[in-house]
Amino acid sequence: MIYSRTSMFAQRSMDVANQGDVHADTEQRCIGILTLASSYTDAELMMKHRHAVFPVLMAGIATTQPDAKIQAMNIVKAMESPARGGIRQNTYRTRQLLVAFCEEQRRVVGAGGKIEQVDWLALARERDLSVVHCGL
Numbered sequence: 044m045i046y047s048r049t050s051m052f053a054q055r056s057m058d059v060a061n062q063g064d065v066h067a068d069t070e071q072r073c074i075g076i077l078t079l080a081s082s083y084t085d086a087e088l089m090m091k092h093r094h095a096v097f098p099v100l101m102a103g104i105a106t107t108q109p110d111a112k113i114q115a116m117n118i119v120k121a122m123e124s125p126a127r128g129g130i131r132q133n134t135y136r137t138r139q140l141l142v143a144f145c146e147e148q149r150r151v152v153g154a155g156g157k158i159e160q161v162d163w164l165a166l167a168r169e170r171d172l173s174v175v176h177c178g179l
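Quick note: the sequence shown uses the numbering used here, first residue 44, plus one each step.
I should point out that these hints are in silico values taken from the structure, not numbers from a laboratory. Owing to the predicted nature of the structure, the values given are computational and were not obtained by experimental measurement. Note that CB positions come from ideal geometry on N, CA and C, so glycine has one too. Possibly wrong hints are sitting among the right ones.
Claimed, not checked - Have a look at the derived ranges for each label pair, beta carbon to beta carbon:
hint: 1; residue 1: Val65; residue 2: His94; range: 24 to 32 Å
hint: 2; residue 1: Gln139; residue 2: Gly63; range: 30 to 38 Å
hint: 3; residue 1: Ala165; residue 2: Ser82; range: 27 to 35 Å
hint: 4; residue 1: Lys157; residue 2: Lys91; range: 35 to 43 Å
hint: 5; residue 1: Tyr135; residue 2: Leu164; range: 18 to 26 Å
hint: 6; residue 1: Leu79; residue 2: Pro109; range: 17 to 25 Å
hint: 7; residue 1: Pro109; residue 2: Arg170; range: 15 to 23 Å
hint: 8; residue 1: Asn117; residue 2: Ser173; range: 35 to 43 Å
hint: 9; residue 1: Asp171; residue 2: Thr78; range: 30 to 38 Å
hint: 10; residue 1: Ile74; residue 2: His94; range: 14 to 22 Å
Using the sequences plus the hints, can you model the full thing?
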């Protein structure tokens, strides 16, 4: 659901932003993803939880809550850890994309816009921050 709201139908995201029930549902899904993924950061080997990186990215992109965005960045950073069998470079690039996206959202909101105006796919192409997630 989050992917379809942020990526597949990005041109409709401004319409969705004005629908309180859809917004609340998206926030609830984001928090659920982040809560579950947080439990993975206690695992000894991060590689077996590589499937969680993309959903965490999507949750960090879709949430409007600054604390949840920070939590998403921290989860992805924990999954990079080479000492714990982390996913390393691709996860690092995922975190770079999430940080760039959150910074761009702050810039747009500061200029009077809405976070939904920032297209994460366009931003990734523009800044050459493409990522590939295997094992989804």
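Check: Does 30 to 38 Å hold as the CB distance between Gln139 and Gly63, or does it fail?
Finding: holds (32 Å)
Check: When you take the CB atoms of Pro109 and Arg170, is the distance between them in 15 to 23 Å?
Finding: At 21 Å between Cβs, range holds.
Margin query: Looking only at beta-carbon atoms, does the pair Ile74, His94 fall within the given range of 14 to 22 Å?
Written below: Distance hint for Ile74, His94 holds at roughly 19 Å.
Margin query: Within 17 to 25 Å: is that where the Cβ-Cβ distance between Leu79 and Pro109 falls?
Written below: holds (20 Å)
Note to self: For the hint 30 to 38 Å, verify it against the beta carbon of Asp171 and that of Thr78.
What the structure shows: holds (32 Å)
Note to self: If I claimed the Cβ atoms of Ala165 and Ser82 lie 27 to 35 Å apart, would that claim hold in this structure?
What the structure shows: holds (33 Å)
Check: Has the hinted range 18 to 26 Å been met by the Cβ atoms of Tyr135 and Leu164?
Finding: Since the Cβ atoms of Tyr135 and Leu164 sit about 19 Å apart, the hinted range of 18 to 26 Å holds.
Check: Falls inside 35 to 43 Å, the C-beta gap from Lys157 to Lys91?
Finding: holds (38 Å)
Notebook entry, point to check: So does Val65 sit 24 to 32 Å from His94, Cβ to Cβ?
Noted result: holds (26 Å)
Note to self: Does the beta carbon distance between Asn117 and Ser173 stay inside 35 to 43 Å, or does it fall outside?
What the structure shows: Hint violated: Cβ distance 23 Å, outside 35 to 43 Å.
Hint violations for this structure: number 8 only, all remaining hints satisfied.
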